[in-house]
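**Q** Required output: the full structure, derived from the provided sequences and hints.
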Amino acid sequence: MSRYLYDGTAEGLLSAAARIIAEASDPEKAILVERENTLFEDGVFIGTDAVAAETLFNRLRQEAPDAAHTFYYFILAEKEGMETSLLHYLSMALRYGNRVNGNLADSAVRDVVTVSRKAQRELHRMKGLVRFEKLRDGAYLARMEPDHNILQPLAGHFSRRLRAEDWFIYDVRRRTAARWHSGTLQLGTIEQFTAPALSEEEMRIQALWQAFFKTIAIPDRKNPRLQKSNMPMKYWKYLTEKQGE
Amino acid sequence: MEILDKLQILSGAARYDASCASSGSRREGSSSGIGNTSQGGICHSWADDGRCISLLKILLSNDCIYDCAYCVNRATNPIPRASFSAREVVELTMEFYRRNYIEGLFLSSAVMQSPDQTMERMVGVAELLRTEERFGGYIHLKIIPGSSSALVRKAGLYADRISVNIELPSSESLKRLAPQKQKQAILEPMSLIGRQIRESFLERKTSRRAPRFAPAGQSTQMIIGASPESDFQILKLSQGLYRKMNLKRVYYSAFVPVNEDNRLPVLASPPLLREHRLYQADWLMRFYGFSAEEILSDDAPSLDETFDPKTSWALRHPEFFPVEINRADYAVLLRVPGIGVTSARRIVAARRFSVITPEGLKKIGVVMKRAKYFITCSGRPFEKIDRQPAMLKSTLLLGDGGDTAVNPPPKQLVLPGIFT
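Sequences listed follow chains A and B, in order.
All residue numbers for the first sequence refer to my numbering, where the first residue is 1 and numbers rise by one.
All residue numbers for the second sequence refer to my numbering, where the first residue is 1 and numbers rise by one.
Errors might be hidden in some of the hints.
[Unchecked claim] Below are the DMTMM-like pairs computed for lysine to aspartate or glutamate, each with C-alpha atoms no more than 20 Å apart in a straight line: (1) A:Lys-214 with B:Asp-48; (2) A:Lys-222 with B:Asp-49; (3) A:Lys-228 with B:Asp-48; (4) A:Lys-234 with A:Asp-171; (5) A:Lys-242 with B:Asp-48; (6) A:Lys-79 with A:Glu-34; (7) A:Lys-214 with B:Glu-95; (8) A:Lys-234 with B:Asp-49.
Calculated from the structure, these hints are not laboratory results.
**A** Next up, the structure:
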């Protein structure tokens with residue numbers, strides 16, 4: 001069985017997959033792991049090749065758009081140690097096209113699809129759970145700590161929704177931020193974050209929302225377990241309606 | 001009155017409305033305006049009762065001239081009354097929307113002076129949002145029975161979804177508990193809305209510029225357990241609404257006793273299990289190809305409390321089983337307890353690659369503890385199972401195959417003499 005190594009970046013992963021799929025005799029049996037730089041590491045190292053990576057991704061987008069979508073969210077999931085499954089998945093995607101996602105009896109497909117789906121689910125959840133606060137200068141700021149690296153697609157969602165406002169979304173865990181300002185979206189990292197001052201009306205609006213949140217529940221039907229299973233407590237930290245609980 | 005006090009009164013009064021869906025509409029945001037809608041809908045929070053919060057659900061006013069027995073806002077109830085101005089609703093909607101608290105607005109109202117006067121003010125709010133604020137988010141407007149068709153048409157042009165509440169499952173109950181509401185006043189706008197939705201759909205096929213009419217469709221709601229109708233009657237009514245009026249959703253709302261009234265039954269607690277079973281049966285009709293007559297009959301008009309309606313059906317139809325996973329059609333797979341829409345689709349997709357093994361079936365997401373009694377995999381049954389219905393019933397009950405949420409069902413205590 002052939003064993004390959006790559007540098008640990010997403011681009012390097014795609015480069016390695018491209019080479020292996022093109023050259024290995026049976027890519028669906030090959031093994032791909034991140035290089036650890038130990039002296040006696042066994043395997044062939046494949047370096048990053050931006051052109052090869054892009055070519056593979058474009059081919060995927062044309063021949064199996066569903067698989068390209070799955071792959072994108074798989075990368076955002078930042079799951080380590082699954083490169084071999086991904087390699088097999090990509091190879092099968094080029095063979096079967098979009099149908100590949102139906103092959104759930106195959107363990108590589110199942111692993112990749114499951115991880116990717118988790119990232120997609122959290123993205124969907126955060127589209128609802130992100131809370132913006134109005135700052136003194138009129139812009140809006142949201143903070144979050146998602147499990148998956150979903151900032152980019154999340155910012156895309158809000159760039160279509162809150163087009164006329166200026167806003168930031170800050171991923172506290174990864175220290176990355178998205179900024180929407182006069183119609184353009186920028187992504188970057190933030191080294192030092194100091195919470196800016198809120199606008200004067202902000203606390204009044206938050207109090208209104210908190211009041212609404214309390215009264216909309218039917219008292220005879222209280223169900224904290226259902227509430228927590230739909231909205232896990234790890235998200236409560238930045239929820240306006242859950243402050244002070 | 002402060003806007004905070006109004007919000008508390010008017011959201012408290014709106015919480016018995018079950019619908020909170022924000023799905024079914026795709027509205028692109030405009031470049032200068034704010035907001036769009038998402039086809040699949042988005043939940044923004046979950047309230048203390050576990051229900052999703054997607055829309056700012058409020059009444060424009062709770063100051064009602066009607067006196068419906070079951071309603072918290074009825075005229076003879078000594079409760080604080082409040083009314084929003086249109087501007088106040090618009091401000092709340094916009095401020096909440098910009099902070100991503102909500103997908104949009106759900107606006108209902110008590111009948112203030114007349115149906116038309118109330119409906120006009122509600123439509124006015126939607127008009128302000130769409131034209132002045134250029135709001136592209138979701139709007140659900142409740143139609144007040146008895147309002148003019150011109151206002152219904154206008155409502156449909158501004159809203160994503162409109163709904164007329166059927167309130168009670170029969171016209172006799174309506175007469176008894178909501179004497180000021182007429183069956184015709186409810187059904188007429190429903191069929192008008194159905195026709196308008198179809199027309200606008202056809203027009204938009206030929207011209208993209210044709211106006212959209214309630215693109216997320218219409219829904220309705222009825223109260224369960226305040227009147228004596230059987231589950232069978234209720235399901236037949238829903239089936240008729242889906243088939244003839246083209247409704248998107250029928251909501252069932254377990255009766256919560258908020259008033260003392262000798263026309264109403266006395267309940268120990270809201271009939272939540274019954275509501276849950278009705279939703280399951282409703283799902284079977286909408287997504288699983290079941291008819292009301294397959295689920296219940298005149299001889300057995302109530303949904304089983306112990307088993308979900310699909311398992312009940314399976315137990316009554318031993319001749320249908322076992323189903324062979326590697327050959328059965330999608331429609332047949334859907335009838336197996338433990339196999340839902342998602343796993344049936346996955347089974348059909350996975351079969352194209354290879355024969356499905358019992359192991360693979362588990363991984364696809366089939367609920368094996370229920371399904372195993374009803375299927376074979378390449379001709380082999382899963383366990384040596386006695387398929388006699390009586391045996392199967394007790395195995396499902398004693399074993400791990402029953403409904404996971406079998407709490408002691410809330411019993412309905414009916415005072416003798418009320419429903420005779």
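**Q** Honestly, which of those hints from before does the structure not fit?
**A** Of the numbered hints, all hold.
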